[in-house]
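Chemist: With chain A fixed as given, assemble chain B onto it according to the hints.
Protein chains: 2
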Amino acid sequence: MTETVPSRRSGGRDARRAARLHAQLERTPFLTRTLAPFEVLGEEGLSLIEENADTILQEVGVEFRGDADALRLLADAGADVQGERVRFPRGMCRRIVQASAPRQFTQYARNPANHVEIGGMHTVFAPNYGSPFVRDLDGGRRYGTIEDFRNLVKLTYLSPHLHHSGGTVCEPVDVPVNKRHLDMVYAHMRYSDKPFMGSVTAPERARDTVEMCRILFGADYLETHPVTLSLINANSPLVWDSVMLGAARAYAEANQATLLTPFILAGAMAPVTAAGVAAQTLAEALAGMTFVQLTRPGAPVVLGSFASSMSMQSGAPTFGTPEPALVLYTMAALARRLGVPFRSGGSLCASKIADAQAAYESAATLIPTVLGGVNFVLHAAGWLEGGLAVGYEKFILDADQCGMMAVFVKGVDLSENGQALDAIRSNGPGQHYLGTAHTLANFETAFYRSETADNNSFEQWEEDGSLDAAQRANRIWKRMLREYEAPPLDEGIDEALRAFITERKASMPDSEV
Amino acid sequence: MTETVPSRRSGGRDARRAARLHAQLERTPFLTRTLAPFEVLGEEGLSLIEENADTILQEVGVEFRGDADALRLLADAGADVQGERVRFPRGMCRRIVQASAPRQFTQYARNPANHVEIGGMHTVFAPNYGSPFVRDLDGGRRYGTIEDFRNLVKLTYLSPHLHHSGGTVCEPVDVPVNKRHLDMVYAHMRYSDKPFMGSVTAPERARDTVEMCRILFGADYLETHPVTLSLINANSPLVWDSVMLGAARAYAEANQATLLTPFILAGAMAPVTAAGVAAQTLAEALAGMTFVQLTRPGAPVVLGSFASSMSMQSGAPTFGTPEPALVLYTMAALARRLGVPFRSGGSLCASKIADAQAAYESAATLIPTVLGGVNFVLHAAGWLEGGLAVGYEKFILDADQCGMMAVFVKGVDLSENGQALDAIRSNGPGQHYLGTAHTLANFETAFYRSETADNNSFEQWEEDGSLDAAQRANRIWKRMLREYEAPPLDEGIDEALRAFITERKASMPDSEV
Numbered sequence: 001m002t003e004t005v006p007s008r009r010s011g012g013r014d015a016r017r018a019a020r021l022h023a024q025l026e027r028t029p030f031l032t033r034t035l036a037p038f039e040v041l042g043e044e045g046l047s048l049i050e051e052n053a054d055t056i057l058q059e060v061g062v063e064f065r066g067d068a069d070a071l072r073l074l075a076d077a078g079a080d081v082q083g084e085r086v087r088f089p090r091g092m093c094r095r096i097v098q099a100s101a102p103r104q105f106t107q108y109a110r111n112p113a114n115h116v117e118i119g120g121m122h123t124v125f126a127p128n129y130g131s132p133f134v135r136d137l138d139g140g141r142r143y144g145t146i147e148d149f150r151n152l153v154k155l156t157y158l159s160p161h162l163h164h165s166g167g168t169v170c171e172p173v174d175v176p177v178n179k180r181h182l183d184m185v186y187a188h189m190r191y192s193d194k195p196f197m198g199s200v201t202a203p204e205r206a207r208d209t210v211e212m213c214r215i216l217f218g219a220d221y222l223e224t225h226p227v228t229l230s231l232i233n234a235n236s237p238l239v240w241d242s243v244m245l246g247a248a249r250a251y252a253e254a255n256q257a258t259l260l261t262p263f264i265l266a267g268a269m270a271p272v273t274a275a276g277v278a279a280q281t282l283a284e285a286l287a288g289m290t291f292v293q294l295t296r297p298g299a300p301v302v303l304g305s306f307a308s309s310m311s312m313q314s315g316a317p318t319f320g321t322p323e324p325a326l327v328l329y330t331m332a333a334l335a336r337r338l339g340v341p342f343r344s345g346g347s348l349c350a351s352k353i354a355d356a357q358a359a360y361e362s363a364a365t366l367i368p369t370v371l372g373g374v375n376f377v378l379h380a381a382g383w384l385e386g387g388l389a390v391g392y393e394k395f396i397l398d399a400d401q402c403g404m405m406a407v408f409v410k411g412v413d414l415s416e417n418g419q420a421l422d423a424i425r426s427n428g429p430g431q432h433y434l435g436t437a438h439t440l441a442n443f444e445t446a447f448y449r450s451e452t453a454d455n456n457s458f459e460q461w462e463e464d465g466s467l468d469a470a471q472r473a474n475r476i477w478k479r480m481l482r483e484y485e486a487p488p489l490d491e492g493i494d495e496a497l498r499a500f501i502t503e504r505k506a507s508m509p510d511s512e513v
Numbered sequence: 001m002t003e004t005v006p007s008r009r010s011g012g013r014d015a016r017r018a019a020r021l022h023a024q025l026e027r028t029p030f031l032t033r034t035l036a037p038f039e040v041l042g043e044e045g046l047s048l049i050e051e052n053a054d055t056i057l058q059e060v061g062v063e064f065r066g067d068a069d070a071l072r073l074l075a076d077a078g079a080d081v082q083g084e085r086v087r088f089p090r091g092m093c094r095r096i097v098q099a100s101a102p103r104q105f106t107q108y109a110r111n112p113a114n115h116v117e118i119g120g121m122h123t124v125f126a127p128n129y130g131s132p133f134v135r136d137l138d139g140g141r142r143y144g145t146i147e148d149f150r151n152l153v154k155l156t157y158l159s160p161h162l163h164h165s166g167g168t169v170c171e172p173v174d175v176p177v178n179k180r181h182l183d184m185v186y187a188h189m190r191y192s193d194k195p196f197m198g199s200v201t202a203p204e205r206a207r208d209t210v211e212m213c214r215i216l217f218g219a220d221y222l223e224t225h226p227v228t229l230s231l232i233n234a235n236s237p238l239v240w241d242s243v244m245l246g247a248a249r250a251y252a253e254a255n256q257a258t259l260l261t262p263f264i265l266a267g268a269m270a271p272v273t274a275a276g277v278a279a280q281t282l283a284e285a286l287a288g289m290t291f292v293q294l295t296r297p298g299a300p301v302v303l304g305s306f307a308s309s310m311s312m313q314s315g316a317p318t319f320g321t322p323e324p325a326l327v328l329y330t331m332a333a334l335a336r337r338l339g340v341p342f343r344s345g346g347s348l349c350a351s352k353i354a355d356a357q358a359a360y361e362s363a364a365t366l367i368p369t370v371l372g373g374v375n376f377v378l379h380a381a382g383w384l385e386g387g388l389a390v391g392y393e394k395f396i397l398d399a400d401q402c403g404m405m406a407v408f409v410k411g412v413d414l415s416e417n418g419q420a421l422d423a424i425r426s427n428g429p430g431q432h433y434l435g436t437a438h439t440l441a442n443f444e445t446a447f448y449r450s451e452t453a454d455n456n457s458f459e460q461w462e463e464d465g466s467l468d469a470a471q472r473a474n475r476i477w478k479r480m481l482r483e484y485e486a487p488p489l490d491e492g493i494d495e496a497l498r499a500f501i502t503e504r505k506a507s508m509p510d511s512e513v
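First to last, the protein sequences are chains A and B. For reference, each letter of the first sequence is one residue, going 1 to 513 in the numbering used here. For reference, each letter of the second sequence is one residue, going 1 to 513 in the numbering used here.
Hints are supplied without guarantee of correctness; some may be wrong.
You can't tell identical chains apart in this list, so a pair holds if it fits in one copy or across any two.
[As the list claims (entries may be wrong)] With a straight-line cut-off of 20 angstroms between C-alpha atoms, the simulated SDA-like cross-links for lysine to any residue are:
| no. | residue 1 | residue 2 |
| --- | --- | --- |
| 1 | Lys410 | Leu46 |
| 2 | Lys505 | Leu158 |
| 3 | Lys410 | Glu39 |
| 4 | Lys478 | His225 |
| 5 | Lys410 | Gly45 |
| 6 | Lys154 | Asp494 |
| 7 | Lys410 | Leu48 |
| 8 | Lys179 | Glu503 |
Simulated from the structure, these hints should not be mistaken for laboratory data. Computed from a predicted structure; not experimentally measured.
With the rest of the complex left out, here is chain A (with noise of 0.2 angstroms):
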């Protein structure tokens, strides 16, 4: 039992890294679940909430807002459309969607060990998305740049418990906003082989991202093989705008796919309840995913939900509370039932800080994420604030809350090993099991070691510095940037992008919209 351990500690900075490349190794590029999900409404439950959503596009509609080509196509498809205003046949949606979005894709990565299958029994966690600011121990809260942004990517390379590069990781707004989505864009591309997501915030934008990943992959590779996955937010309740259809529009004629995600704050955006929350929401990502696939049939589409609840003192959204939950478990057995990807959940907190309530409510957002079957989960890493911040420290926590999610999903073992008969047979009562042959066989891989834990005495914690789990990540996420190596790309597709994005940033002045 002691021959390894003290390797293990005297080997320092050396060591530290091959375990790491040891991690790397062994590390899947997602999670394959094999529990079956949590579920917290029946058939009866299920086929009301589809049937209450069937209501909705048929007697109120959805707006689609500002584009007369969408009105069009969902007219011609069979909708009745008065004004911006679409309405749909009962069954109408679901028979689009069922018809040809695929139940299960691949996104492909520049690195092949990095392609991450979205749908069916696997998860895949991505980091931190949309934050204005960002937040670490030393600098405190303050706008997030471009060099945040890329440290955040960086870190999500060397994750190992992260599978995807994620996309407006924070905003960097010390950037014109017209022309950050090259530079974000080509940080993904640039310091990670992870897939990643592209620009929604204009459709041009999303023509650059797309331009960008020909550059990359091959113009031809693209017209079978997706390899962005972007995110496209509903105007809740019930509306779709122009640049949003006219992002996802982009994304969809490249065979790029898209998240369709109602984003509700519950009692905002939609009723305070989760079935009224849950029935909307499918109603919108519905009728999203109906426009995705009369735009171009077979595109790979994700139904996404985002749902908080809300402090009825201030109105803020509230997180890691019992009905999110709730509406994320009845969401994902729609998607199921739908027979499509799902999307949601992730570590959300309305906490400022990486303190207790900022864990608790993660946990209570992210095992409800992974109980309940989630197939793509955007903010399982950084987030604070209710989305507002993206946290350094909170981002080393979180991660390592993934690691152990890949760990549950595995199930308990059943094989004679982990059986363990023989063990407590030869063992006897009374005698511990520290020496034991069976402990010694399974002494490197029996537990999840957390990266971020403080396991130790309280004699030894307090020799330690008593230092707090913030504390203890931020000494990580320094140490990990500090020995970040880039992945090689390359020379001539990098001067490529290179050339693309001045030429982009030229062909226009900046602006903050």
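Modeler: Leaving out everything else, chain B in the frame of chain A:
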């Protein structure tokens, strides 16, 4: 929407007290789950573990140490007794337990509103148990005292989210070991009216507990009403010792309930694997429950499982990791199949303080506790440092999480109001729901209101002092203790209890064993 909020905001202390009273009135004395438990193994896997448990009982056996009466009892019932080693023919324990142990029972409290149902679809939360140290933000970590003990009993009494007063909420080390059980049991009786646990550190201390219960409830009452539920831990692997057997006997003879709990640090007291831990836990618990049922058929028993993983570097116990969650889900299913109530889980952690580590680990234990269908939850609030310490702030934070669980287990409301279809119909695309009739009608009860989370804006949070969750919890427990008022207790009974304690204390010299 504004009619309720301002009055609540401006009311100050009186309004807070009124709100709290309201919460007390609304609270349910225990949870009743409406959702099917999460399962990690199917019929085949669970049968396999049951067979392995039978193999352990038959081939390896269990030692019953220092208790000749127990050995005789087991031999008479058909066990193979060699010295202190007891081997059980396959199926014997299961048959005996199923023949007489109740599937569900009521534990009675002196306040009938606080009776709890143990078993079935019910979940009962009890606080931390057994810690020699206490911690709060002001005093740091120190040995627990009887004053701390009383404080924790008072806080549990005041919390609407905890249903049970627990037992050794902390060790009052300022009272001699051989007398502290009297002060502890009295504290539960005097400062709370919720159900509680008895002493188990010596058979005569269990009998003292029973005597005090007879004074409080009446001697005859106990014969038909379990009023204590006491923690009988196995000395794993596969040993029941004379102290625990003696305490279990004392309670069983008085028809009082016991929790038979193998306490397993996997890799030390059992093999490192989940299936191995589960088989051994089941074998040990079956042997213990068999002893109780033979002692007094029908005396309530609870199958307990406490399993932690281990740091393979230091050998220290670790919590909130995936492996103990898998054991918990497995054991919960095995207890359901056996047909006895189940105890496990809690808000367990290895962290020394109420930081993010503590919260992640606690949530990763408490959520499986509820989803797995645990019936009695010890350590639901306050636990730190693998149980070595109980934290005042951690207690407050954990209790808030227990409150969320009470909402979650109700599941999705599918009433017309829950479906909210009329609200969606009458609202239309692009219109927010903040002032709608449906939102107003559901305003008060729509979302769980956390007592500890800060959901304000960053700016407001900063203005309020940039407090973390533990700092906010510190203010809460102090306010609760300031405002505490003891529940009424008949003066004659109180005098009789005090007289009994005085007499017992005078009957023996102080001892630290």
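Chemist: Next step is simple, just say for each hint if it's right about the structure.
Modeler: Structure-based check of each hint:
For the homomeric pair Lys410 and Leu46, the shortest alpha-carbon distance between copies (16 angstroms) is at most 20 angstroms, but the shortest distance inside one copy (27 angstroms) is not. In the homo-oligomer, the alpha carbons of Lys505 and Leu158 never lie at most 20 angstroms apart, since the shortest distance is 30 angstroms inside one protomer and 63 angstroms across protomers. For the identical chains of this complex, Lys410 and Glu39 are neighbours both inside a copy (19 angstroms) and across copies (13 angstroms), given an alpha-carbon limit of 20 angstroms. Taking the shortest Cα distances, Lys478 and His225 never come within 20 angstroms of each other, neither inside one copy (36 angstroms) nor across copies (60 angstroms).
Proximity of Lys410 to Gly45 under the C-alpha cut-off of 20 angstroms is restricted to the inter-copy arrangement: shortest distance 14 angstroms between copies versus 29 angstroms within a copy. For the identical chains of this complex, Lys154 and Asp494 are intra-copy neighbours only, at 17 angstroms inside a copy versus 66 angstroms across copies, given an alpha-carbon limit of 20 angstroms. Taking the shortest Cα distances, Lys410 and Leu48 sit within 20 angstroms of each other only across copies (18 angstroms), while inside one copy they are farther apart (33 angstroms). In this homomeric assembly, Lys179 and Glu503 come within 20 angstroms of each other (Cα to Cα) only inside a single copy, at 11 angstroms, whereas the closest approach across copies is 84 angstroms.
In this structure, the hints that do not hold are numbers 2 and 4, in rising order.
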